[in-house]
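Undergrad: Residues per chain are reported as follows:
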Amino acid sequence: MAESVGTRALVRLDLRLDRLRLGLLIGGLAAFVAMVCSSFDSLYPEAADRQSFAADMSASGAIRAFYGTVYGTSIGALTAWRSSGMTAIAALVAMFLVVRHTRGDEESGRRELLGATVVGRQAPLVATLVVALAAYVVLAAAITLVLLALGQPFAGSLALGLAFAGMGWVFAGVAAVAAQLTVSSRTANGIAAAVLAVAALLRMGGNAADANGGSAPWPVWLSPMGWADQVRPFAGNHWWVLILFVVATAVLVAAALVLSTRRDVGGGLLPTRPGPAAGASWLRSPVALAWRLQWGSLLAWAVGLGVFGAVIGGVAKSAADVVRDNPDLADMIERLGGKGVISDAFLAGSIGFLGVAAAGCGIQAALRLRGEETSERAEPVLATSVPRLRWAGSHFVFAFVGPAVAMLVAGVAAGVAYGLSLGDGLDQVGRVLAGALVQLPAVWVMAGVAILLIGAFPRWSSASWLALIAVIVILFVADLIDGAQWLKDLSPFTHIPKVPGGSVQALPLVLLTTVAAALSTTGIEALRRRDLG
Amino acid sequence: MDDVIEIAGLRKHFGPTKALDGLDLTVRAGEVHGFLGPNGAGKSTTLRVLLGLLRSDGGTARMLGGDPWHDAAALHHRLAYVPGDVTLWPGLSGGEVIDLLGRLRGGLDPKRRAALLERFELDPTKKSRNYSKGNRQKVALVAALASDVELLLLDEPTSGLDPLMEAAFRECVEEARQEGRTALLSSHILAEVEVLCDRVTIIRDGRTVETGSLAELRHLTRTSVRAELAQPADGLSDLPGVHDLDVEGNRVHCQVDTAHLDDLLRHLAAAGIRSLVSQPPTLEELFLRHYSGDDGADVAVGAGAAAGAGEGGDDG
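Quick note, the sequences are listed as chains A and B, same order. Counting with my numbering, you get residues 1 to 533 for the letters of the first sequence. Counting with my numbering, you get residues 1 to 316 for the letters of the second sequence.
One chain only, chain A, in its complex shape:
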């Protein structure tokens, strides 16, 4: 037990440091679930309406790929179905929390300060896991309570709460293992995020193939996100699926604890190589430095969005499968312009999701500048003859170019995959790519919000992520709320033309680009005037 002495004090420390983040997570997700539930309640009060809605949503593989398979038509079951994507947010928060308190503290040297006190070797890891696992139990309780308050049955409410908790648990475990492998917390986050992306892809693929709503196909069972669906809250409540979460978490935590004893504090299991003795000749400008620091994550974004783009393009054809079994609908669609319309609508909608993800890339790139400032790495650069605006621009340029490249890659990948599935070769690339590129003005608005915060309200820079989460929530629920057009209008992505399929109007694109430029200019001007550090 000497290995974990001091855990109790560290638990208190972690709670002190993360009370705001955990409060936001628990309150935010519970509020989200409550919002979805009451929207279904007011939008589809009749069982018959819900049945036809559920039938529409299950008809096409492409829609199932995104929202999951509908397993029941009660209000609770529809709430569980529509909220399931948010389990990814629960997983992300768990990941960042664990990495920050383990590898993050080691990297910054805080771990050394703690380690010299009466704190066991395993205590920081154990304390973080205790906090993370307990926080997700509280989350489960909060979700159960809000659903009960909305008149939902207890069993289903609890099952949905535990499905969220399960995702948090497993990814706390994934992050704990990733934190043992590398010396950089950024890489540890990247490894854990890649695991989450694979889990999301397996779930998408499995759900797309799951036409009958019976036993789920195998890819779903490889993905913790798929398990969360398979708990089937309000639709049978498969309690035994929760065992998968518990077992996986236990295995991952045990692995992390074993791995952590096999390495030095501050060291990793993956080897670090020596670097060059001299700077490459291109490493001679602030932009070159920013590129040197950012290319890894920009590449990861481009590859990630490219893979998701290919999957979207690959399943888009099946979006029109609904027509096969429904002659009335087929007639209507023929009048509207043929099967292509449904696939186009699916492509336009799902590329919108990619746009929101690309906004994450832009925000991350912009926030690098703030990271340079707070870590005091900006100081030596600004003590050379680099003007402040050139330094700021060196990182901000990647907040615009990075997501543009990622969307380019995603658009081409989606277009190629769609064309291949239709047997059209590369004919579809232009149309689909256009759909990806029209997202950029909205993506840049989000980057502009980050730049404005960094310049004018530096202490609140990370609130940029809250802005992104707000956009995601709007994307998921706004269409379920009556008269919520004003809410939808708050998101820049609402104003993006639906391409392919729709027509491109220049005005909203020009306006959004102008807004992005105004936000960025204001932020940069504020940055020019304020104290740094």
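Hints may contain errors.
[Claimed, not checked] To give a feel for the contact side, a few chain B residues facing chain A, derived at Cβ under 8 Å:
hint, residue
1, T87
2, P90
3, E96
4, D99
5, L100
6, P124
7, K126
8, N130
9, A140
Honestly, the hints are just simulated from the structure, not real lab data. Backbone N, C-alpha and C define an ideal beta-carbon position, used for all residues, glycine too.
Given the coordinates of chain A, work out where chain B should sit on it, guided by the hints.
TA: Quick look at chain B alone, frame taken from chain A:
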């Protein structure tokens, strides 16, 4: 151009905290200027104002004939800076950082770079995350010293170095002085300051309390005098500048303001001196007196109130 840095009445506050409260500092061309003060006195804040990272709230600051805020980029061609707490990009090697910073400043001398790497025994291939504090400091020192600049701003540059490397650093600063460069050296290592600096400025709570050459500063403080006399001396306690007087028969022990040493000795000589020990204040006593908390505090050096030597703090 005679003064490289001219600061007068500089003010800077962070919210309610006054970091600089009327600071004065003059650094002459070609000198190595010691910049001293207790932790939190405002040394790093002053350097950050000089670097154009912080905007001053009042007073004037000129550096190399320009305005540190408005002309930052142009001035930085001509100076190099070593931060007290060196943080580097964990994924870049030391060699990469040195070259990058040198090029951003407008170029560095490869021969000098190689010589400095050897002198400081620094392995440039290590990734920055694997460097110790001292080695990170060496990276910053090599990057700064390898450039041909007029002014060096050094913020506690040796706090992580071993004595051997500290000696190497002193040589480098000495060479810089011989080449006619100017240096502002913030440091807590008094021996280093004593050896290297032509003049020093002592600050406390954001104000200048003392400035001048070491000889001048010594002059403003007290000398300890211990004497054995032929007969008891009268009227010693009435002499100006005599403190902590302790008379035991023919033996006298006291502190005297160095400016009044003449008077005291004349008085003692009148009584007939059998033996005399006089000790000038050590540098350490000098600093301890200024570093200590309130104006009246006395840090076991018998220095008493700072009033006698407080003329340095002539800020408005």
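Undergrad: Given P124(B) as an interface hint, is its Cβ closer than 8 Å to any Cβ of chain A?
TA: With a minimum Cβ separation of about 4 Å from chain A (threshold 8 Å), the hint on P124(B) holds.
Undergrad: Would the hint on L100(B) be counted as holding, given a Cβ-Cβ threshold of 8 Å to chain A?
TA: OK, holds: L100(B) within 8 Å of chain A, min 5 Å.
Undergrad: Against chain A, with CB atoms and a cut of 8 Å, does the hint on T87(B) hold up?
TA: 5 Å, holds
Undergrad: Closer than 8 Å between Cβ atoms is the bar; does A140(B) clear it against chain A? Give me holds or violated.
TA: 7 Å, holds
Undergrad: Is the hint on K126(B) kept, meaning its closest Cβ partner in chain A is under 8 Å away?
TA: 6 Å, holds
Undergrad: Minimum Cβ distance from N130(B) to chain A below 8 Å?
TA: Holds - the Cβ of N130(B) comes within 8 Å of chain A, reaching about 7 Å at its closest.
Undergrad: With 8 Å as the cut and Cβ atoms as the points, is P90(B) at the interface with chain A?
TA: 6 Å, holds
Undergrad: Return the status of the interface hint for D99(B): holds when the least beta-carbon distance to chain A is below 8 Å, violated otherwise.
TA: 3 Å, holds
Undergrad: Using 8 Å as the Cβ threshold, decide whether E96(B) counts as touching chain A.
TA: 4 Å, holds
Violated hints for the displayed structure: none, as all numbered hints are satisfied.
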